[in-house]
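Heads up: the sequence lines are chains A and B, in that order. Using this note's numbering, read the first sequence as starting at 446 and increasing by one per residue. Using this note's numbering, read the second sequence as starting at 446 and increasing by one per residue.
One or more of the hints may lead you astray.
Treat identical chains as interchangeable: a pair holds within one or across any two.
As a list, the in silico DSS-like pairs of lysine-lysine whose alpha-carbon atoms are at most 27 Å apart [to be verified]:
1. Lys735 to Lys551
2. Lys735 to Lys769
3. Lys452 to Lys546
4. Lys735 to Lys451
5. Lys769 to Lys738
6. Lys451 to Lys551
7. Lys769 to Lys451
8. Lys738 to Lys451
9. Lys769 to Lys452
10. Lys546 to Lys769
11. Lys546 to Lys735
12. Lys738 to Lys546
13. Lys738 to Lys551
14. Lys735 to Lys452
In short, the hints are calculated from the structure, not lab data. It should be emphasised that the depicted structure is a prediction, and the values quoted were computed from it without experimental measurement.
There are 2 protein chains.
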Amino acid sequence: RANGLKKPIRWFSVPQLFRYERQQRGRLREHFQLNCDLIGEPGPLGDAEIIALAIDVMRGFGFTAGDIRVRVSDRRVLAAVLRARGVPDPGLAAAYTFIDKIERLKPAERESFFASPEVIAPARVADLEAVAAIRGWPALDAELSRSPASAAAAEPLRQACAALDAMGLGDFVDVDLTIVRGLAYYTGTVFELFDAGRTLRAICGGGRYDGLLQALGGVDLPALGFGMGDVVLGELLRERGLAPPAHSGIDVFLAAVSESELPGLLRLAHELRDAGIRVEFALAMQAVGKQLKLADARGARLALVLGPDELARGEVMLRDLGAKSQEPVAMGSAIGRVRAALATDPLAQQAPVPLTVHR
Amino acid sequence: RANGLKKPIRWFSVPQLFRYERQQRGRLREHFQLNCDLIGEPGPLGDAEIIALAIDVMRGFGFTAGDIRVRVSDRRVLAAVLRARGVPDPGLAAAYTFIDKIERLKPAERESFFASPEVIAPARVADLEAVAAIRGWPALDAELSRSPASAAAAEPLRQACAALDAMGLGDFVDVDLTIVRGLAYYTGTVFELFDAGRTLRAICGGGRYDGLLQALGGVDLPALGFGMGDVVLGELLRERGLAPPAHSGIDVFLAAVSESELPGLLRLAHELRDAGIRVEFALAMQAVGKQLKLADARGARLALVLGPDELARGEVMLRDLGAKSQEPVAMGSAIGRVRAALATDPLAQQAPVPLTVHR
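Using the sequences and the hints, build the whole thing.
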């Protein structure tokens, strides 16, 4: 399949995922996850595109650079600066683990972290602490100046960050080598999104996994992407009052004075619905006053009251439930009048979306 | 919770569901299902509302009464006509099973269906066959005339069908007592949606389950609803060519003549995206001609080409990829010009939805 698709392939999915482990805040046994991947692009603009997408999803919810932060690193950079500090290649994985966990280690636990400290020798724990303390480009540049190999390894990350700057998203991004990501398949850029106050787990994590597709028996294509679950995101949205409101209100309530008006009410109700207007009506005969109480409870702005006298004149009463005013309108123009009244409503929750019906 | 909600409660969910059984066409081990329920309304207008909703979902996809049919029955009616034919109450469940399966039974299998035929005596298999053969109201009315109890039992179904007629949906509805629904919890109306040619399994099934909520330890509220899976529906949509197209095209492709224009390209690309315009650009430097080939492959209508000369004049080249014409536009008015060009495009797939950003 991949061979038939024009590269780069831009891919997303929203699966429901399950974990068999103890639940924690922000990490449930069941969640939905937005996965976005870019397949077939090895260069740093691809990294910038994927990170920009994660940021734009958050901006779409209303978050700013004051609310959320992207912490970005690069496995190639981390390896280079650790090598420059003296960590031998066989010790890199252990050093990654230390740096990944350093924020959760007490100072006293750091010296005893390595059962055999020679695994990172001649580098010492203090070297790893220094690397983990790097924040931002000036500090990283100072570290990179220790070896030309490090400086070269940082070029992709530098270009990705420059592209994010050019997109106007630089404010969201912090370079931070403690972002390691536990998964061994990452080969380059790695990043995580956090709430700025760091009170929650990561909102999103991702990175470049250039060797993974081939390792799993697929095509040999560079790739990168992220996964963003709905659990931490949902907590943050609720915390900030940014959760999109669930609209359950209606536009128009239809009331019949007596059972004889019921067929006319049902016809009009269904025509209004076909016009994309949200309609409800009493499902059992009740006094009009009681029906209009349900209209209020549902948050209806308008009511259409069908009575025998109006119906005999081919009319229906259009009632503004807010203004408590009403006027008779011709049955044939009721939908147009309702639409016009809703269009002038500053509280209208959404524009009607007519049902597209093929007849 | 139910006590705090204004009745009737209108409820829907779209869970992903799993079955542990052998897969068949139209019945997979995993599917999504739209569930719609109406809780707290015992009367036939509630039945009409739920059936109308199922029909309207199908109309929303573009199906007509020539494409899909609603087969509707009522457990109360079936029980009454079977009693009038002589089936004793202890034999009703067995008679339901026979009628439920009759379409799949060969004539020779019918007489031997009941291991003990006396379970339905004094009624005979021929009585059940006669009941199962009833289609439409005239035939049902003839059957109901056998007993006043049957006629009374049919009133709710008659009123629900009359309401569907008044809504303009009567064309979709067939009365058919062979719709039994296997689940024992149904207490009244039962219905299923089928493709008109009956080549597929049911698209949707539902009915009234007035005793179920209390039986499960909840409140004593009448309720009814339906479940509509995505498997048969998906097959039917594909078969009829009604599956909503998956838009993966873009509106504008941005191309840079040389690397120096890249920051300007990235800024403009991101501004266009914030305006809701679908944008792509080459993620690695390539000749403009090669970049525009990707633009064509993505179905872009427009391209914005940034070159050193135009950029020096504060301009960008707006290229109509269909008309193969181009003109320079001021950088500051590029978004407006793109939006205007897309608005006049008869092939435009959708209106831009600007990103709502809180700054």
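Hint-by-hint comparison with the structure:
In this assembly of identical chains, the alpha carbons of Lys735 and Lys551 never lie at most 27 Å apart, being 66 Å within a copy and 55 Å across copies at closest. Taking the closest pair of Cα atoms, Lys735 and Lys769 come within 27 Å of each other only inside a single copy of the chain (15 Å); across copies the shortest separation is 65 Å, beyond that limit. Taking identical chains as interchangeable, the C-alpha atoms of Lys452 and Lys546 are never at most 27 Å apart, the minima being 37 Å within one chain and 53 Å between chains. Taking the shortest alpha-carbon separations for Lys735 and Lys451, only the inter-copy value of 13 Å comes in at or below 27 Å, while the best intra-copy value is 61 Å.
In this assembly of identical chains, the alpha carbons of Lys769 and Lys738 lie at most 27 Å apart only when taken from the same copy (13 Å versus 61 Å across copies). Taking the shortest alpha-carbon separations for Lys451 and Lys551, neither the intra-copy value of 50 Å nor the inter-copy value of 54 Å comes in at or below 27 Å. For the identical chains of this complex, Lys769 and Lys451 are inter-copy neighbours only, at 22 Å across copies versus 60 Å inside a copy, given an alpha-carbon limit of 27 Å. Taking the shortest Cα distances, Lys738 and Lys451 sit within 27 Å of each other only across copies (10 Å), while inside one copy they are farther apart (58 Å).
In the homo-oligomer, the alpha carbons of Lys769 and Lys452 lie at most 27 Å apart only across protomers (24 Å), although the nearest pairing inside one protomer, at 60 Å, exceeds that limit. In this homomeric assembly, Lys546 and Lys769 never come within 27 Å of each other (Cα to Cα): the closest approach is 64 Å inside a single copy and 56 Å across copies. For the homomeric pair Lys546 and Lys735, neither the shortest alpha-carbon distance inside one copy (63 Å) nor that between copies (46 Å) is at most 27 Å. In this assembly of identical chains, Lys738 and Lys546 lie within 27 Å of each other by CA distance neither inside one copy nor across copies; the values are 59 Å within and 47 Å between.
Neither within a single protomer nor between protomers do Lys738 and Lys551 lie at most 27 Å apart by alpha-carbon distance, with minima of 62 Å and 56 Å respectively. Taking identical chains as interchangeable, the C-alpha atoms of Lys735 and Lys452 lie at most 27 Å apart only when they sit on different chains, with a minimum of 13 Å there against 62 Å within one chain.
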